[in-house]
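Chemist: Residue numbers (the numbering used here), protein chains in the order written: chain A, 559 to 955; chain B, 559 to 955; chain C, 3 to 340; chain D, 3 to 340.
Bear in mind the hints are in silico, worked out from the structure with no lab data behind them. Keep in mind that a hint or two might mislead.
Unchecked claim - Below, a list of computed lysine-lysine pairs in the DSBU-like style, where the Cα atoms sit at most 30 Å apart:
1) A/741 to B/903
2) A/889 to C/113
3) B/741 to B/697
4) D/113 to B/741
5) B/903 to D/230
6) B/903 to B/889
7) B/951 to A/951
8) A/699 to C/230
Claimed, not checked - Residues from chain C that keep clear of chain B, each with C-beta distances beyond 10 Å, as calculated:
9) 6
10) 16
11) 32
12) 91
13) 111
14) 115
15) 150
16) 157
17) 248
18) 258
19) 329
20) 334
Fair warning: this is a prediction, and the values are worked out from it, not measured in the lab. Even for Gly, the Cβ is constructed at its ideal location relative to N, Cα and C.
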Amino acid sequence: MTDNADLEALRSEVRGFLDAEKPAGWRDASRTQEDFVQTQRGWFAKLVKAGYAIPHWPAEFPGGGRSLAEQKVIYEEIAKADCPRLLLSFVSTYHAFATLHECASEEQKAKYMPRILEGETWCQGFSEPGAGSDLAALKCKAVREVRDGQEVYVVNGQKVWSTMAQFADMCLLLVRTSSEGVKQAGITYLLMDMKTPGVSVSPIHQIQGDEEFAEIFLDNVVIPVEQRVGEEGKGWAVAQATLASERGLTLMELGYRMRGALSRVAALIREHGREQDRGVLRDFGALVSEVDAVCAIADQFLDNRIKGIERIGDASIVKNSYSRALRAYAKLGVRLGGMDEQYVKPITFGDLNTGNWMADFMNSYAWTIAGGSEEVQRNIIAERMLEMPREPKHWTL
Amino acid sequence: MTDNADLEALRSEVRGFLDAEKPAGWRDASRTQEDFVQTQRGWFAKLVKAGYAIPHWPAEFPGGGRSLAEQKVIYEEIAKADCPRLLLSFVSTYHAFATLHECASEEQKAKYMPRILEGETWCQGFSEPGAGSDLAALKCKAVREVRDGQEVYVVNGQKVWSTMAQFADMCLLLVRTSSEGVKQAGITYLLMDMKTPGVSVSPIHQIQGDEEFAEIFLDNVVIPVEQRVGEEGKGWAVAQATLASERGLTLMELGYRMRGALSRVAALIREHGREQDRGVLRDFGALVSEVDAVCAIADQFLDNRIKGIERIGDASIVKNSYSRALRAYAKLGVRLGGMDEQYVKPITFGDLNTGNWMADFMNSYAWTIAGGSEEVQRNIIAERMLEMPREPKHWTL
Amino acid sequence: MIELNELTDAAQKAFPADKLSPARDASWELTAEMGWLMVRLPEDDGGLGLDREASTAIHYEMGRVLSSAPLIPAQLGLQAVVESKTLADRADWLERLSAGEYAPLHMLPAKVEVAANGTVSGTVGGVFDGDMAVAVVAMLPTGYTLIPTDAQGVELTERQIWDPSRRIFDLVLTGYAPDPALMLSDVEGAAAMHDVLGPEAHLALAADCLGGATAALAMTVEYLGMRKQFDRPIAMFQALKHRVADMKTRIVATEALLWSRARDPEAARLQIAGLKALATDVYQFVTEEMIQLHGGIGLTEEHQCHLFMKRAMLNLQLCGSLDWLNERVGQDALAEMA
Amino acid sequence: MIELNELTDAAQKAFPADKLSPARDASWELTAEMGWLMVRLPEDDGGLGLDREASTAIHYEMGRVLSSAPLIPAQLGLQAVVESKTLADRADWLERLSAGEYAPLHMLPAKVEVAANGTVSGTVGGVFDGDMAVAVVAMLPTGYTLIPTDAQGVELTERQIWDPSRRIFDLVLTGYAPDPALMLSDVEGAAAMHDVLGPEAHLALAADCLGGATAALAMTVEYLGMRKQFDRPIAMFQALKHRVADMKTRIVATEALLWSRARDPEAARLQIAGLKALATDVYQFVTEEMIQLHGGIGLTEEHQCHLFMKRAMLNLQLCGSLDWLNERVGQDALAEMA
């Protein structure tokens, strides 16, 4: 742990950096997907240089070796300064990093870690159209063969909901190498170059106009066995490392951002002359306190991680609290904005509390659906925190 | 069916009666359980005399032989005139009547039907502490024996949630005569005199101060075999006749009563100076429309019954619509009344929209719990109307 | 009653449930062919002279398929002409409109100013499918009037909206001089005309909402039965079943109110306004649940969920928002219960 | 931190979870024995000088067991005396109060009038357990003052409330002549004192709510696991599990805010008011679900569900209702974000 004086010193250091380097007008520079990618890459490079992009990496990397408490300070300040979130590099710096760091061979680490710092973009090939929240039900098939004297996997199948796959250089890929035994058992974890022949990517048109996700089609894609992480058939355990790599920081960051964005609701109330509408004031007041509670629970979650006393289900509570408040926030905006919000306005790619209320409202569903739906989180809270019985495994009607 | 002119003639006839005979100040005369019983008995006798108490009975009984359309007119007018509901005689005139009429022997009919008209009070001994919404899981045990040369059932067990059992002369009793086969198979239906030795009744103290229900304890109660309705072990089918005897009229009546009682909310708004509070006006406006919808769906339900096109689940929709609106109504009252409502005020026994808002609020839970809980109704709607899969019968964790 | 079933059956045949938001122009032609433009035109004026129940049935069916043909504003425009006591060429207009020419009532407020010389400038909002309109029935400070779309000082500007099943235009007036021969009412008459058109609009929109909500529910139930997760159809999960049951319950109860109001010629203006408010609220609720219960697929444009949600969100704003209507219903009920 | 755990452990030992609403007089004595009356009294004044976090922890535990001892009004009364710059016998009063004499702050508004001769008439509301009070700390139009309950023109009338875990009295003043020696503040000082006492009251009540909600949730989970219907524990029904998960989620998030505010000496008055509003809202939500999920048994006095619900409903009204507080929080946030 880091002591308080050190943390405050770091805080003012970060503030100084942000005062000087905050990318002006980044929202206007994110009105198209291409501009967004540009803005993200520039901002990532700046943070790498300043030593704030990968605080959670080991100390051997420049800017690494920070405690979770220090990471929290950095994220807090970036959120409060309303700088862009590091969306495009999120999979590479968290998911890919954790996977490589915890499960990969030394060769793999040596090859990929530096490339991530140079700005290589990674995506995640986990979800499949038929699987949804039941990740382990994946079907994407890999057959082991020898081609040109080299041991390879030949992969066929489809992935979906892969964040920014259309801009990715590499992919964290889960494939099925066996259908024997329980469904978790036949899964293998591969690192796939997105330029491999047979890989095609098609962005998903989201209902609010964003294209944050893509589908990946795999047609006889040949991946060398050296690209496997962990043993064959043991990919499920590796995937747990990937998935566990981050949650707390993001939600804390997003909570603070929503807290700051409450001023957008205030502006809307004034714009529409509702300052004397007692019902609106009450709804706004209730929202303010709810958002405060989200910040507090996200904070507490991180503090508990720092102290090592996190429990199963804690993350589910943070996620559901956040998504509930986000929904309430966006709905209040849509309601107060009235007809104005039914006319389409330009969106900001990769942003959540944009003040384009209909877009924000629709986007808020990403938080109750993706990354383990609200319903799956409720199951976790009921069954694993409160120890209520699980859903029956076997049944007849 | 009755034609419209006849219905309107009936309507004005009923109105004339109500103008003349409406019991003045019945709410003040229902502040204690005893006064309530007195008031109810007097009002029932009046209605019997006027021919409005048992419109659903066959024509051979005075005031019987009315079509459902006519029954609706009578109930509507009684509700709109804000006269007392016939609570105390409800089980006798609906449940007992339907059971006797559809399933009992001629002797049983001849013995009991006239006594109901004379004001005999009946109660229902169906629910048990362990069974709840799973009625067929009942355990109250009856053993067939010969005592003093007479074939009898000797009954032991406990019943609960029996409406007004403390004032009842007779009881519609479900007992278990066998535990072989499916749980529905071993149930037998008996008519029990409440004065039989071994029967004791203890009123349930409800959280809002009412004592509408009671527990019945049965300790070696001897009931002659002649008191059985239907065959031994076939009581479950008889119970269906009892339960199917009424639902639509009551909810239509209660819908209209709630519609009328919206004026209590209006009075509260004025009393607390909230006439300019736009949020309160909106909440009130939304409630008005919701209650209107409850009246409309209850009406439609009855119309469909009149036309013979009722479907499974319709009643569940009416019940959940009503109970949802009733909750909203009572909660708005509690909220607007503020601290005033936290001081205890005298309750009106057997009444729902009394303006004693905390009592009404707590009482509203009777409608989401009793008579098939809100959750059970949801199952019926999903599984039987929308044909979604039922809950698994057999399962392992 | 039989007539109503026939109307409904014909509508379902002409606009099958599996084809959402069919092309506008063909739909509009079909609508005219079906005679729906003449449904509410009195028999004396050469129409079918059917009542509110009939038009409600049609709007309900059009809501069910997310129709892109602007039948509601067309019917309201026609009714304004029917009601008019001042329109010079009333008979001529009625003939043209029932033959398929399109003169919609605008569905959002007019923000205009009248200059000293009587010319009008500003924006008349919510003109559906203005591109095919010959004229717009507009409520100006001087009364209701027909504004020909090709008149001097009149321009139509399309506004991009989220709802892809409909198109909305602003009618922009710049020093437009209203034609006295096209006045549908004077200032005094405008209130009376508003009292006629308002409930018609609210009833039609409520029907659109409940038709849409019913279709949304059916699609959701079907999806849940088809989609498997954790080795079972997700329709087996009780938490989801209960949510679907609540969708059904709210739709059915509100629909009962819809038909009850549609059949009641005495229904008060604010009773119907309250119905519209409730129906839009239910439609939003149902489409929100629809999206959530569909999971990821519901967030993609390839699936049809979002069409329902976006239509629900727009309906909330047409002819008075939820807040605005509930407030008035509450105010009115309060005054009535004094 | 360790100190806090010790406080909590001691409280749970003294007031075990399985004994709800233990007898008041014994509880009050125990409370005094535990030293809880002195928790917030500064060390200079002979107290323990602990901070808000400590008192919050205790109020949380007392909420959990639906304590009938009036610790919250007692603490607030004592704090008023501590804060007072005008009370003649301040030291004497502090000694008496920390020894167990009871001078509560009233928790509901005073509706009083001051006559020309300075005497006061009217009602000071929300005096908890007035029967055991030696004096009441009242906010009068002339400032905060101690009103001895045996003074001339002072009468205590018990008001029957729904919440059986507490007792509330009106302090009825009839031409009561305030004793200048007992004034705790003048008119100007009253606002400052209110700014101190308000957040303390809100924090304490929020803790009471969340302690209660936590106990209510635990009881509900236990009941669902025990109760069988349709041949399985009803805890197996997913629809119920999801509702319980939402109860847990709302409680835990609000509790995080409680501790964050309790630990933050800079927390603004309205931030804490918002916490109180949120906590009461959550408590009501949780107790409503508790009743519904318990089914019939929850509607009987024999079961303990209703004790939680009635306490939640009363807490909603103490020191500002939900509507009132949310409105002020909204107003304040709006002004701040200008």
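Chemist: So, for every hint listed, does it hold in this structure?
Modeler: Hint check results:
Taking the CA atoms of residue 741 of chain A and residue 903 of chain B, the gap is near 62 Å; set against the 30 Å cutoff, the hint is violated. The hinted pair formed by residue 889 of chain A and residue 113 of chain C meets the criterion: a straight-line CA distance of about 26 Å does not exceed 30 Å. Of the pairs offered as hints, the one joining residue 741 of chain B and residue 697 of chain B holds, with about 10 Å between alpha carbons and a cut-off of 30 Å not exceeded. Restraint check: the Cα-Cα separation between residue 113 of chain D and residue 741 of chain B comes to about 63 Å, which exceeds 30 Å; the hinted pair is violated.
A hinted pair counts as satisfied when its Cα atoms are at most 30 Å apart, and residue 903 of chain B with residue 230 of chain D does not qualify at roughly 37 Å. Under the criterion of a C-alpha separation no larger than 30 Å, the hint pairing residue 903 of chain B with residue 889 of chain B is consistent with the structure, at around 17 Å. Among the hinted pairs, residue 951 of chain B with residue 951 of chain A is consistent with the structure: their alpha-carbon atoms are about 13 Å apart, no more than 30 Å. With a C-alpha separation of about 19 Å, the suggested pair residue 699 of chain A and residue 230 of chain C falls inside the 30 Å cut-off, and the hint holds.
Annotated as non-interface, residue 6 of chain C keeps its C-beta farther than 10 Å from every C-beta of chain B; the closest such distance is 14 Å. Every beta carbon of chain B lies more than 10 Å from that of residue 16 of chain C, the smallest distance being close to 26 Å; the non-interface claim holds. Residue-level check passed: residue 32 of chain C sits 31 Å from the nearest beta carbon of chain B, beyond 10 Å. Annotated as non-interface, residue 91 of chain C keeps its C-beta farther than 10 Å from every C-beta of chain B; the closest such distance is 40 Å.
With a cut of 10 Å on Cβ distances, residue 111 of chain C stays outside the contact zone with chain B, its closest approach being about 19 Å. At roughly 28 Å, the least C-beta separation between residue 115 of chain C and chain B is larger than 10 Å, which holds for a residue marked as non-interface. For residue 150 of chain C, the condition that its CB be more than 10 Å from all CB atoms of chain B holds, with the nearest at approximately 39 Å. Remark: the non-interface label on residue 157 of chain C is consistent with the geometry, its nearest Cβ contact in chain B lying 36 Å away (cut-off 10 Å).
With a cut of 10 Å on Cβ distances, residue 248 of chain C falls inside the contact zone with chain B, its closest approach being about 7 Å. Look at residue 258 of chain C: its CB is around 4 Å from the nearest CB on chain B, not clear of 10 Å, so calling it non-interface is violated. Non-interface status of residue 329 of chain C relative to chain B is broken: a Cβ of that chain comes within 10 Å, the nearest being about 5 Å off. Listed as outside the interface, residue 334 of chain C is inconsistent with that label: its C-beta sits roughly 8 Å from the nearest C-beta of chain B, within the 10 Å cut-off.
Comparing the model with each numbered hint stated earlier shows that hints 1, 4, 5, 17, 18, 19, 20 do not hold.
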